[in-house]
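2 protein chains.
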Amino acid sequence: MVEAKARAVWEASRRLAQASTTAKNAVLLRAGRMLEERKAEIKEANARDLEQGQRDGLSKAMMDRLLLDDKRIRGMAQGLEEVAALRDPIGSGRAMWRLPNGLEITKVVVPIGAIGIIYESRPNVTIDAAGLCVKAGNAALLRGGSEAISSNLVLAEVFADACEAEGLPRSSVDIIPVTDRAAVMAMLKMDRYLSLIVPRGGAGLIRTVVENSTIPTLKHDRGLCHIYVDEGADVGMAVNIVHNAKVQRPGVCNAVETLLVHEAIATVALPAIVKDLQKAGVAIRGCPKTRETAPGIAEATEEDWDTEYLDLILSVKVVANMEQALEHIARYSTGVAEAIVTQDYARAERFLAEVDSATVYVNASTRFTDGGQFGLGAEIGISTDKLHARGPMSVEELTSTKYVIRGCGQVRE
Amino acid sequence: MVEAKARAVWEASRRLAQASTTAKNAVLLRAGRMLEERKAEIKEANARDLEQGQRDGLSKAMMDRLLLDDKRIRGMAQGLEEVAALRDPIGSGRAMWRLPNGLEITKVVVPIGAIGIIYESRPNVTIDAAGLCVKAGNAALLRGGSEAISSNLVLAEVFADACEAEGLPRSSVDIIPVTDRAAVMAMLKMDRYLSLIVPRGGAGLIRTVVENSTIPTLKHDRGLCHIYVDEGADVGMAVNIVHNAKVQRPGVCNAVETLLVHEAIATVALPAIVKDLQKAGVAIRGCPKTRETAPGIAEATEEDWDTEYLDLILSVKVVANMEQALEHIARYSTGVAEAIVTQDYARAERFLAEVDSATVYVNASTRFTDGGQFGLGAEIGISTDKLHARGPMSVEELTSTKYVIRGCGQVRE
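Residue numbers (my numbering), protein chains in the order written: chain D, 154 to 566; chain X, 154 to 566.
Bound conformation, chain D alone (with noise of 0.2 Å):
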């Protein structure tokens, strides 16, 4: 059945690589408008998958993200539209020469192809997915989690149909209606029809299709963010980037989790960070000289600065220079997102350039970290991988290139 399916979703890649951008935008936004005009449909069976996750005791955050309600439809909706809005990269061309000989040489922007997205959790990633690959001219098949196989089911049905209903092949986008455990490996193997893996989900989902793909992937990996504040720091604008980076969305990628403080600032600015990151609700786990900087700090273990908590717990560290602050970044960091707080021309500079991060700040929050943020539109993720795409995923990420070459009966000598 995957194989199917997947061979399916490859051939319709060769119709949707040939498609106008006019075709891919009126597909996109009719399948916005299906998503409102079928809401009950939708809602009728997210309803479903609620009553499974409560039968399966799912916390409060798990049943929260599971959620459709007319305001989150009404998002899907809208994300579309803003694709829709975005420029379309196929057929542009990223350079383009003549040889001594004549031939004339294009690199142009085409699809990639079929993509295979794995995701967990929230269902509305089945219409921001199938948006996005749509948008760049390639098509996908996609395999949500179990908590959200009714919903999931339901949205690709709708993407589908617009699909359908514009001309285009149904299975421009299109689903595994299972979820054991057996179809995501045979999805791994499909490296005849598949040419890209995104997995988006926890660390377990990520090392399932490192360790078995035969399939090009782009992980969307931990992110352990560290701010680095630098001796002669403003400190007022240290205590403000810390808080926003740790409280402001502690559960996601672009959070920090680690503070590095230089010894020269630290009895000065760890006092008024603790103080401001505690009456968030903050938890504070610190090396000796931190814990002697302010009361209520817990002892930092080994394994706090390699843990991602996604929660209100940041841990700290006191440094004696900027050498240290990045040793440790280069070996704890999983090279999201790290920022330094300095005043120093010299030290900002050396800090962009040595921090080996897909998105490296000076004086301000590591949140920005996202498309949406840096103006890129819809991500569809962040990938943590150097080859291909790094940092914000989006429509261009979704791109490949091919030589086009004009002669005139040239051969090679």
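No incorrect hints appear here.
Identical copies carry no separate label here, and so any pair may be met within one copy or between two of them.
SDA-like mimics (lysine to any residue), calculated; alpha carbons at most 25 Å apart, straight line:
| # | residue 1 | residue 2 |
| --- | --- | --- |
| 1 | K342 | G354 |
| 2 | K260 | V405 |
| 3 | K372 | R402 |
| 4 | K260 | D374 |
| 5 | K260 | G244 |
| 6 | K342 | E480 |
| 7 | K372 | G525 |
Everything labelled a hint here was simulated from the structure, so no lab data went into it.
Put chain X on the given structure of chain D with help from the hints.
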């Protein structure tokens, strides 16, 4: 041992990422000089490989590929000089923009980091790969084939000496000194240190890497290339192009393996093409219609359409129309290079648009698919993947990007 080496190469990659263009070029030029200075030592090691090859009964072609003589050593040094002369992509900006809140975002080109290269046969790959990696600020962990192990070890040592002499870490380029399969398997799991694996070799090696690597890979897979001779094509041009693509160097991935001919021109074009190829010693295997057009054509089986001969053999099929040609290519092509010979504007454009290969030609030989021919400089290979790099890969393709964001205290609302 593999882990220790991977870690050391990763450490070295952090230094190389900060190295200036001047320093990197100095390494390349010095390594080139040292190759010539130490050619006696290199030829001695190579003689050991050749002796072993003799004992193992390697084919004449294999023995020739293994040989390092004065001319080939000079060739490696020249290759390094050419790479030194290329533009350094590191540090250039791909894009820059300012957000409404004043944040300034720059997308900067950076090295990938530590790259694993697994290759077979020709020892010159040791130097070519090391040079290209270092030029782009990457460190390289090499693993060559057993037949060239003595040569590879000396070449890698020369390169490491050049790094050291220019103040860069010896581990900027290191080599796995054993050639058993266990070492390859261990290397494929070093995702903590290596950011990319480039396999160069036969189908078995590629499959091993694809099935076992937890590190992103860029494959250099089979090249099953097609030429389609359209109705109304210039027959003389078709004869020349097919001859060049098949005969000039049959053992490479951009040589043509299957010829497709429109039935309206088959009785005119095929006798001329077949006669020319037979004169050059090419064995033709054709479909029934092909065999009616000229004498001495063997019958093509289903397997022939799926075979990369890498030899003076060509399979030929007569197609009823362009759709059939496009279907055949979509089914059997490995996506390296495809060409159409035509006089018709609309069909030329359709072929360029619909054929999903790294390089697609109108009226030219597929043999131009090569970094050097394209004017890109030396190549590390021809990627058959659609992510990150597709087609000839040179220094530009050995880079990643990161976002650098300069702020003055911005936090997310």
